[in-house]
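Residue numbers (the working numbering), protein chains in the order written: chain L, 105 to 218; chain S, 123 to 237.
Among these hints, one or two may not hold up.
Unchecked claim - Cross-link-like lysine to aspartate or glutamate pairs, in silico, EDC-like; alpha carbons within 20 Å at most:
1) S/K138 <-> S/E218
2) L/K144 <-> L/D189
3) L/K145 <-> L/D205
4) L/K107 <-> S/E166
5) S/K177 <-> L/E206
6) L/K107 <-> L/D179
7) S/K125 <-> L/E148
8) L/K157 <-> L/D189
9) L/K144 <-> S/E166
10) L/K145 <-> S/D151
11) S/K125 <-> S/D174
12) L/K175 <-> L/E122
13) S/K178 <-> S/E218
14) L/K111 <-> S/E166
15) S/K125 <-> L/D160
16) L/K144 <-> S/D144
17) S/K178 <-> S/E207
18) L/K145 <-> S/D174
19) L/K174 <-> L/D160
20) S/K125 <-> L/E206
21) L/K113 <-> S/E166
22) L/K145 <-> S/E148
23) S/K177 <-> L/D205
24) S/K178 <-> L/D205
Quick caveat, the hints were computed from the structure, so don't treat them as lab data.
Given the structure is predicted, the values throughout are model-derived calculations rather than measurements.
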Amino acid sequence: DPKIIQKPKYLVAVTGSEKILICEQYLGHNAMYWYRQSAKKPLEFMFSYSYQKLMDNQTASSRFQPQSSKKNHLDLQITALKPDDSATYFCASSQDMGGRDEQYFGPGTRLTVL
Amino acid sequence: AQKVTQTQTSISVMEKTTVTMDCVYETQDSSYFLFWYKQTASGEIVFLIRQDSYKKENATVGHYSLNFQKPKSSIGLIITATQIEDSAVYFCAMRENNYAQGLTFGLGTRVSVFP
Numbered sequence: 105d106p107k108i109i110q111k112p113k114y115l116v117a118v119t120g121s122e123k124i125l126i127c128e129q130y131l132g133h134n135a136m137y138w139y140r141q142s143a144k145k146p147l148e149f150m151f152s153y154s155y156q157k158l159m160d161n162q163t164a165s166s167r168f169q170p171q172s173s174k175k176n177h178l179d180l181q182i183t184a185l186k187p188d189d190s191a192t193y194f195c196a197s198s199q200d201m202g203g204r205d206e207q208y209f210g211p212g213t214r215l216t217v218l
Numbered sequence: 123a124q125k126v127t128q129t130q131t132s133i134s135v136m137e138k139t140t141v142t143m144d145c146v147y148e149t150q151d152s153s154y155f156l157f158w159y160k161q162t163a164s165g166e167i168v169f170l171i172r173q174d175s176y177k178k179e180n181a182t183v184g185h186y187s188l189n190f191q192k193p194k195s196s197i198g199l200i201i202t203a204t205q206i207e208d209s210a211v212y213f214c215a216m217r218e219n220n221y222a223q224g225l226t227f228g229l230g231t232r233v234s235v236f237p
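Please model the entire structure based on the sequences and the hints provided.
Here it is, written out as structure tokens:
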């Protein structure tokens with residue numbers, strides 16, 4: 105059974121719309137993260153959460169809002185979508201927030217904004 | 123600020139041989155952690171191996187091992203006895219001992235293993 109679920113796998117949106125990317129982890133981890141992978145750019149860290157609390161936000165835009173309704177859920181709401189937001193968004197989790205804790209990644213949601 | 127650089131864009135090797143790929147990093151912290159991940163053709167990102175900066179011994183897991191040269195800020199990945207399924211993009215990443223931060227990744231090295 106998959107340990108980190110991301111829904112949907114593919115998402116197509118129009119410019120200006122709003123979408124929510126879903127992430128659930130069943131590893132019993134206390135920390136969760138969002139990363140973005142765009143063409144020709146390294147995987148980019150966006151947010152970190154620990155026990156449902158925002159720990160770090162590295163996105164410059166308030167259009168990206170993480171939402172944690174349960175300890176094992178970390179959704180990502182993106183508003184006023186732009187074509188530049190097209191990327192694959194990966195959710196990850198780790199046992200805790202320690203620097204040495206390995207992060208495990210979900211399968212990703214590929215977002216295309218037209 | 124952290125920075126991770128992988129200069130090799132792609133490497134091709136024959137099956138059952140050894141492949142080595144490079145990674146250099148920049149950090150102001152005295153304590154940090156270095157990771158290698160691989161991304162398969164399906165897009166799955168898989169954790170492979172970790173090196174703690176305060177450990178002198180090179181980490182080894184299965185047929186993955188690291189060449190950690192701290193004075194050079196270098197962490198190379200060595201894959202021995204490569205198999206076709208080792209074909210993937212390999213990412214080097216680091217994390218300082220700041221509990222809130224995520225990983226900083228390099229651009230990756232694409233490895234193609236041929237029979």
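Here is how each hint holds up against the structure:
no. : hint              : result
1   : S/K138 <-> S/E218 : 35 Å, violated
2   : L/K144 <-> L/D189 : 14 Å, holds
3   : L/K145 <-> L/D205 : 24 Å, violated
4   : L/K107 <-> S/E166 : 13 Å, holds
5   : S/K177 <-> L/E206 : 17 Å, holds
6   : L/K107 <-> L/D179 : 16 Å, holds
7   : S/K125 <-> L/E148 : 12 Å, holds
8   : L/K157 <-> L/D189 : 25 Å, violated
9   : L/K144 <-> S/E166 : 17 Å, holds
10  : L/K145 <-> S/D151 : 24 Å, violated
11  : S/K125 <-> S/D174 : 17 Å, holds
12  : L/K175 <-> L/E122 : 24 Å, violated
13  : S/K178 <-> S/E218 : 17 Å, holds
14  : L/K111 <-> S/E166 : 15 Å, holds
15  : S/K125 <-> L/D160 : 18 Å, holds
16  : L/K144 <-> S/D144 : 19 Å, holds
17  : S/K178 <-> S/E207 : 30 Å, violated
18  : L/K145 <-> S/D174 : 26 Å, violated
19  : L/K174 <-> L/D160 : 18 Å, holds
20  : S/K125 <-> L/E206 : 19 Å, holds
21  : L/K113 <-> S/E166 : 12 Å, holds
22  : L/K145 <-> S/E148 : 18 Å, holds
23  : S/K177 <-> L/D205 : 16 Å, holds
24  : S/K178 <-> L/D205 : 19 Å, holds
Consistency with the previously given hints fails for numbers 1, 3, 8, 10, 12, 17 and 18, ordered from lowest to highest.
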